[in-house]
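*Asks:* This is what each chain is made of:
Protein chains: 6
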Amino acid sequence: MNPLGIVKRHITRPPRDAVAQLSRFGVATLHEAMGRVGLAKPVLRPMYDGAALCGPAITVLLQPGDNWMFHVAAELIQPGDVVIAACTTDNIDGFFGDLLATSFRARGCAGLVIDGGVRDVKTLRQMDFPVFARAAHAKGTVKATVGSVNVPIVCAGALVNPGDVVVADDDGVVIVPAADAAEVAAAAAAREANEESKRLRLAAGELGLDIYKMRERLAEAGLRYVD
Amino acid sequence: MNPLGIVKRHITRPPRDAVAQLSRFGVATLHEAMGRVGLAKPVLRPMYDGAALCGPAITVLLQPGDNWMFHVAAELIQPGDVVIAACTTDNIDGFFGDLLATSFRARGCAGLVIDGGVRDVKTLRQMDFPVFARAAHAKGTVKATVGSVNVPIVCAGALVNPGDVVVADDDGVVIVPAADAAEVAAAAAAREANEESKRLRLAAGELGLDIYKMRERLAEAGLRYVD
Amino acid sequence: MNPLGIVKRHITRPPRDAVAQLSRFGVATLHEAMGRVGLAKPVLRPMYDGAALCGPAITVLLQPGDNWMFHVAAELIQPGDVVIAACTTDNIDGFFGDLLATSFRARGCAGLVIDGGVRDVKTLRQMDFPVFARAAHAKGTVKATVGSVNVPIVCAGALVNPGDVVVADDDGVVIVPAADAAEVAAAAAAREANEESKRLRLAAGELGLDIYKMRERLAEAGLRYVD
Amino acid sequence: MNPLGIVKRHITRPPRDAVAQLSRFGVATLHEAMGRVGLAKPVLRPMYDGAALCGPAITVLLQPGDNWMFHVAAELIQPGDVVIAACTTDNIDGFFGDLLATSFRARGCAGLVIDGGVRDVKTLRQMDFPVFARAAHAKGTVKATVGSVNVPIVCAGALVNPGDVVVADDDGVVIVPAADAAEVAAAAAAREANEESKRLRLAAGELGLDIYKMRERLAEAGLRYVD
Amino acid sequence: MNPLGIVKRHITRPPRDAVAQLSRFGVATLHEAMGRVGLAKPVLRPMYDGAALCGPAITVLLQPGDNWMFHVAAELIQPGDVVIAACTTDNIDGFFGDLLATSFRARGCAGLVIDGGVRDVKTLRQMDFPVFARAAHAKGTVKATVGSVNVPIVCAGALVNPGDVVVADDDGVVIVPAADAAEVAAAAAAREANEESKRLRLAAGELGLDIYKMRERLAEAGLRYVD
Amino acid sequence: MNPLGIVKRHITRPPRDAVAQLSRFGVATLHEAMGRVGLAKPVLRPMYDGAALCGPAITVLLQPGDNWMFHVAAELIQPGDVVIAACTTDNIDGFFGDLLATSFRARGCAGLVIDGGVRDVKTLRQMDFPVFARAAHAKGTVKATVGSVNVPIVCAGALVNPGDVVVADDDGVVIVPAADAAEVAAAAAAREANEESKRLRLAAGELGLDIYKMRERLAEAGLRYVD
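Protein chains in written order, with the numbering used here: chain Y, 1 to 227; chain S, 228 to 454; chain V, 455 to 681; chain H, 682 to 908; chain L, 909 to 1135; chain A, 1136 to 1362.
What the hints contain is simulated information worked out from the structure, not anything from laboratory work. Cβ atoms here follow ideal geometry from the backbone N, Cα and C, with glycine treated the same way. You may find that some hints are simply not true.
Each pair of labels, with its calculated beta carbon distance range [to be verified]:
no., chain 1, residue 1, chain 2, residue 2, range
1, A, 1357, V, 675, 46 to 52 Å
2, L, 1107, Y, 182, 47 to 53 Å
3, V, 679, A, 1357, 52 to 58 Å
4, V, 606, H, 761, 55 to 61 Å
5, V, 534, Y, 182, 42 to 48 Å
6, V, 679, S, 423, 45 to 51 Å
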């Protein structure tokens, strides 16, 4: 059982090199490189155009209408970390704003992913502090009930263990398990190399039908051309 | 009983000074200054980046698929007013577009908040006429059934009386009762002053845990650190 | 019966002139010019600011989690065509990304409308390849089950026949039947001319109440002014 | 300003007779009798088949994930009262269950309407304690932050003042202002009498087109019959 | 172009025999028999337990908040017909209630499918008049703007031509084109016969893996068993 | 990394006694006994009134529009097991119907929980085979792409490991980790005993305010009574 009220101080982060390599790839590529797993549901969106982030996860489990655990998490942030937060229930109050962003940035935080709401969006944009959230919402929160920090959480349908690498961009949020970081980065690089040759042929007007030799399989699957 | 088909000609607006002072603050700050009330639900979003508005409310109660009351409201707009509209039911047709925006602007209108749809979004952006709406939707509306103007309405869950100050930005929409405008502006100013000192300490790396003396309360609430 | 597994090779497109004329108007104007029909539901949004498109429809009926039919459709694209896709069920996986965009563009495609998800949004923006979709989602798809190409589809509630003109902008997506293209363009032009004179009068401060002579009808409908 | 943390002890209820008369009518009839206002949004549903209620409102404003105010409200319930609750934000935790139902019933409570979640639904059904809620959800709540009791609230989009009559059945929830209770009951009775004669004619096969003399108006509105 | 304001008096219904045969099958079976097309989106639900219907379609295109066209449709109902209604936009007002149900039944109507709201649900249940709708909602409607009757409509994503057979039960709503009614009924009968033998083998504990010979294909598709 | 295409044959189930004890409690009680964790989101509802289930989990990870893995899972069911399924994306097709229910029942399956759609609901009710799903939907599925069986899944936001105990009733779905089954059952029993004495006092009219000694804490939290 994993009750509420627990803070894990020490977590295992992947090697800095592996994180740096992952940061070169987009979310779609990493999701493919992992065998098509690891995506959060597409309900989290960047709070400003061009926001993107990559870093090991400090996980936070919030209570509805309560952002107390963000203050607990701040102390545990190491430079480059991403804070990723879920709530014990669906709630889009403004758990996070400019003061917490200031504090997190001072600790070296690379950004926030939250299955909930945030506020002070204009300031977040000015700070260029990347935030992916379910909503912008001015609603204030209290500090009354404990959640947990650095326990496994489910954020927008994705399982996140502390130390996993969180990557987010326009295409969504993907979670790369810490132990797989280097392997996934290598697979992503291979995939990109493979795609580049396809891109050139497609750009020249060649058809995917021919490049991928689909015509026969389509006919077997019953596709029928009519005039 | 507050039946449909009523237009109140004269409404009480707060002093211009109070509105001007409120316009200096963001929605999140005003919501806090009011004791955490007054927010609309976060379903209303700016129709273009950077839209913001602040002004006394002309309230409009629309019928579904019918924008007749906007023409009635236009006559009652005084310079600086915000028009805020609800519908007798959920409906996101395009109640408002470039022609009404032209008319409203000619009367000095400071912007529109509508729990419904609008259209001609490209033109609204070019005019820099701030609109917060539930959706952009080209769907046309008729002029066949009466609603009301300048009666109390519920817009996206927020009660609005005519003359209340409507403030909207990236963080949402907040309604400040006319009689409280000056008091709320003062409370907002006090809050911002207080936050500034916090921001400096947080930016220097100090923790909220220490600034707000949370450690003892967290322990009492059962928070437990593990390794 | 219109079973799955069918590709219609030859479709009837409207005259190029008619498409060119339609492309001068916004979605709201065309919807009005058609007698207020033809709109898709407002769940499809541009994947980047300023995206817009206009062209004859290549229709695609996808299976959930499967983008095979896009490769079949690519071969049938003629310069200026828009690909418009529906799915046999609600599904927002990332059916379309940068490789397909490269292929479609190489064939002269004017853009994509999809009641589903797309990915590689950053690249789509860089390519300036207009896409209107229900969601940005990195989720990968397979090529295993046949749908259809160039059959009638229902996309976000709108019936689309192959060859119909698809127009999309900030206000939504409208479908103009191929046979009506010229007539609708003419009606749209007439409407814009008529609106221009209204706009000038409204900009000068005249009221819609007077321009449209609404006061008497409002009184008959029971509207009552109070102080 | 109406800050949080307020309990109004004494409220004005409508005469018992007026409530009794209202209880004879369905929600649709009362909504019509009020001039088509007063309905909550149709997101509240009975937690078991056949649930219905009618009584003066004890209003409760909850905080997210916190049901403390229900205990405060219990003391103020008089026999026949309905408790109606909103939350300061969208939240569907299980604010209410069998113990609170037991307590409320012991005070004579006629039922609960809540824009939130409830639990122990099986027991509520066995007790035949009518509850209209947004969701059944086992999620537990805390008792840490104050809301308010017997202040005006907005519940599912409907404004409710303490003492207003709350009526709920399969068709939704309607709020009858306390001062209008007798008048609305009379109007509802008149409406039902009028409908009965219509029903007999319609049941005999006569058409609404003829009973309501619609044919001419339809033609004027442009309706055209084709073969 | 298919403008609003049209009523088609005479429609082609499928032979009574074919409709009677279709009525013997469930929606899931008919959807399969048609090659997996024809389903409405699963947003329409029976207004009472056990509601089911089957009959040729009288199609109705409503305007938001306006039920005028139902009165026009009533005159065109022949015994056994189903009325199926869409709206020009998303709207869940209570377009239909006990009086219209009385009128429709008097004309021999077999039930209603509506992508919108209905009211008087308790009475509909007592009358056993089958209704499939998006919501129960007491909200009243007006009679002010024309739509159309017996034109092609899109109802919850499904294209319906007048005379098509509408079948609805616990599993949803399916539209069988009039011309295919007999063929689909025959295919459904064949499917049921085929399923019966499967059911017996499965009930005896035999596995689908073996009955359908899936093991080899699964291995080819990459499925791997581990301990 | 936990790629797709894996079937784990042997899982660890909790002792039968522990499961039997858990089955005596409702979901709300078990959620509380676990320290308020373990709930699925309240989007899964019983497909017929009174459905309830309790048993060790066979987990299934489906692909959109594809129910192949249910056939793989069938072979692994032991009497008393519950099958619980998630999908790699949001999809509510009818993954499960009467034939699979027949097969699962023949293997001793105690019911199904699925974050997706099911069909043949009428037959499921007649069989009294308990199913909790997101939707009833007739939409057919294919057998083309592999998912996984008996890997950890996230179902409606809840993490489920194979062998965990799944309990579902009117209040939702809760997951009890296999290793905690006995402890949770004991905690639930203790909680129920404690609640019984409270219930008696509340039924006698005593107030929670007094039983739980809340008055002083409420005053400290700022609650203020007015007349």
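*Asks:* Compare the structure with each hint and give your call.
*Replies:* Here is how each hint holds up against the structure:
For the pair residue 1357 of chain A and residue 675 of chain V, the beta carbons lie near 49 Å from each other, so the given range of 46 to 52 Å is met. Taking 47 to 53 Å as the suggested C-beta distance range, the pair residue 1107 of chain L and residue 182 of chain Y conforms, at roughly 51 Å. For residue 679 of chain V and residue 1357 of chain A, the hinted distance range of 52 to 58 Å is not satisfied, since their beta carbons lie about 44 Å from each other. Between residue 606 of chain V and residue 761 of chain H, the C-beta spacing of about 58 Å keeps the proposed range 55 to 61 Å intact.
For residue 534 of chain V and residue 182 of chain Y, the hinted distance range of 42 to 48 Å is satisfied, since their beta carbons lie about 47 Å from each other. Distance hint check: the CB atoms of residue 679 of chain V and residue 423 of chain S are about 48 Å apart, consistent with the given range 45 to 51 Å.
When held up to the earlier numbered hints, the structure conflicts with hint 3 and nothing else.
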